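Residue numbers (the working numbering), protein chains in the order written: chain L, 397 to 547; chain H, -5 to 310.
Heads up, some of the hints might be wrong.
As the list claims (entries may be wrong) - Stretches of chain H that chain L covers, calculated by requiring three or more beta carbons in the stretch to come under 8 Å of a beta carbon on chain L:
| # | region |
| --- | --- |
| 1 | 38 to 46 |
| 2 | 237 to 250 |
| 3 | 269 to 280 |
As the list claims (entries may be wrong) - Think about it this way: if two alpha-carbon atoms lie no more than 25 Å apart in a straight line, the pair counts; the simulated BS3-like pairs of lysine-lysine are:
| # | chain 1 | residue 1 | chain 2 | residue 2 |
| --- | --- | --- | --- | --- |
| 4 | H | K177 | L | K489 |
| 5 | L | K489 | H | K124 |
| 6 | H | K182 | H | K103 |
| 7 | L | K489 | H | K286 |
| 8 | L | K428 | L | K438 |
| 9 | H | K24 | H | K132 |
| 10 | H | K124 | H | K24 |
| 11 | L | K413 | L | K452 |
| 12 | L | K452 | L | K428 |
Hint data in this document are derived by calculation from the structure and do not stem from the laboratory. Just so you know, these numbers come straight off a predicted model, no measurement behind them. The beta-carbon is built from N, C-alpha and C at its ideal position, and this holds for glycine as well.
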Amino acid sequence: MKQESEWEPRLLGFLCKWCSYAGADLAGTSRKKYPANIRIIKVPCSGRIDPLFILKALRLGFDGVLVSGCHPGECHYQTGNYRARRRIALTKKFLEYMGVEPTRIQASWVSASEGGKFAEVVTEVTNELKEIGPNRLFDEERDIYGTKIAP
Amino acid sequence: MEQKLRREAKALLEQGQVDYIVGFEPGSLKFTTTPLITRDKEEVDRLVINPFIVNNLANFLTELKGRVGIIAKGCDSRSIVSLIQDNKVAREDVVILGIPCPGIIDLSKVEELIGKDRDELEAISREGDKVVITADGKTSEFSITEVLFDNCLGCELPTPQEYDILLGEPTLPVTDRSASQAKIEQLKGMPPQPRWEFWSNELSRCIRCYACRNVCPACFCQRCFVEETEPQWLMPVPRWQDNLMFQVIRNIHVAGRCTDCGECERACPVNIPLRSLTKEMYDIVGELFHFKAGMDKDTAPLMTHYEQEEAEDFIR
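Hey, can you work out the whole structure from these sequences and the hints?
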C-alpha cells in the first residue's frame, strides 16, 4: 500500500463509445489537461452498464466509478441512456443507504463535441474523491482471484 | 372464509377451470402452515386460512404448467400482478382467490412476549385488534400490533386489488406505518461508516444458502448471476464481501418487483434483517420513480420504461 501522502484516487470511467469516449478523445487532441487518475473502459452504450460493474469496481478497490453517456435524447440506440439513468439512480441511492459515500458513484452526460466538459468532469470528480479519501469499503488489497490490485 | 375457500376451490377443480389449486394446509409443527399444491378435489378439504399463512405462494406460479387457482393475500396478489407485468404468467392462466388479510402473526415475536417456546403454547387466537395467547392454562391478551410481522405493520394493500374470487370483506390498509419502519429509520440515523459496518457484520453471517432468492417470487431468472462462471462475478465462498455484493445486486434486480412481502427475511436461516434492505429499495423506487410494484397489471415493469424527465440531479 502506498503512503497516504502520495495517495492518488483511482477512478474507473465507463464511457459510451458514441459520445463520451469521443469526447475524451477530443479532450486529448485539443490538449485539455485533466487528471490521469481515470482509467477508461469503452462501452457500446451507457445502457450497457450493469450495477454489478459499478459494485465490482468498488470491490476491486477503485475509489470511484464514473459512468458517462450521451445527453438525454441523443442516444445512438434511442433509449439506452434513459435506462442507464434509472439504474444508476437506484444503485447510487441504495448504496448510499448501505453506507457507501455517494461521491464514489458518478454519472455525466458528455457528448462527442464536449472535450472541455469531459476534462472538467474528470477534474471535479478526482478532486471530490481526494476529499473523501481512499476506498476502504471492501477492505482488501487483493482482488477475488488473489492477485494484487494494480495501482 | 375457510368453508367458502374449500367450496370455491372444489368447484374450480370440478369444472376444470384450473389444473392446480395452490393454498395452505396445516404444517407439521404447531401454529405453522405449509403450502399445499394439489390437483385432487378431495384434498382441498385440507386447505386452511388462519393468521399463520406466511408464505408467498406466487413463487410457485412460474414453475407450474397449466391453469392455477391460487390463494393470495394482499402482498401475494401484488407479486402475481408483478409476474403478469413481466410476462412470466398469463392473466388468464391464474384464478386468484383473494383473501383480505388482517396481518400475519410472527411466532418469534409471540415467543419473545410470552418468554416460552412455541411448542409450549397451547393456543393463539385472534379476536379483532387483540391476540389471545394461552400458555400453561393461563390466557393473556396483547394488542395485535405487538405480534404482527414488521411488513404487515406497514401493509399498503391488505385486500388484493386483482382477484377473481374475493373471500370475505375487504380490510382497510394500515394508517400508522411507523412501527414497520423503525429498524430502517434507526439505520438511516447512523453515519455512513457504522452503517456499512453494520451491514458487513450482518452479512458476514450469511451462509449463501440462497433461500432468500429461492423463496422470492420476484427472483425468477433461469440462471442467477451468482452462478455465472464466465465471468465469475462472485466467489461461491461465503465471505462478507461477496455476500454483500450478492444482496445489493439481488435488491437491484428485484427493484420494482419487490412487494415487501417479507419472505426473504423469514426464509433466512441466520436471521439477517433482509427486509431492511428490500423495504428501503421499495421506498427508493417509490420516491424516485413514483412506482409501486404489482398494483396494476397493465403498467410496464419498472426497468423497461422511463420518463423523459426524472431523477437527473445527480448527473453532471
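Given the hint that K124 (chain H) pairs with K24 (chain H), test it: the Cα-Cα distance must not exceed 25 Å. 20 Å, holds
Hinted pair K489 (chain L) and K286 (chain H), Cα distance within 25 Å: 17 Å, holds
Annotated coverage of the region 269 to 280 of chain H by chain L, confirmed only when three residues or more have a Cβ within 8 Å: Since 5 is at least three, the answer is holds.
K177 (chain H) and K489 (chain L) were given as a pair; does the straight-line alpha-carbon distance stay at or below 25 Å? 18 Å, holds
Apply the coverage criterion to the region 38 to 46 of chain H and chain L: a residue qualifies when its Cβ sits closer than 8 Å to a Cβ of the chain, and three qualifying residues are needed. Coverage by chain L is violated here, the residue count being 0 at a Cβ distance below 8 Å.
Has the region 237 to 250 of chain H got at least three residues whose CB is nearer than 8 Å to a CB belonging to chain L? holds (count 7)
What's the verdict on K182 (chain H) and K103 (chain H), does the C-alpha distance respect the 25 Å limit or exceed it? Holds, because 24 Å separates the two Cα atoms, which is no more than 25 Å.
Taking 25 Å as the top limit, are the C-alpha atoms of K452 (chain L) and K428 (chain L) close enough? 30 Å, violated
Below or equal to 25 Å on CA atoms is what counts here, so check K489 (chain L) against K124 (chain H). 39 Å, violated
Hint check: K413 (chain L) vs K452 (chain L), CA-CA at most 25 Å. Holds or violated? At roughly 21 Å apart (the allowed maximum being 25 Å), K452 (chain L) and K413 (chain L) satisfy the hint.
Compare the distance between the alpha carbons of K24 (chain H) and K132 (chain H) with 25 Å, and conclude whether the hinted pair is satisfied. 18 Å, holds
For a C-alpha distance cap of 25 Å, please report whether K428 (chain L) and K438 (chain L) respect it. 20 Å, holds
Against the hints set out earlier in the document, violations occur for numbers 1, 5, 12.
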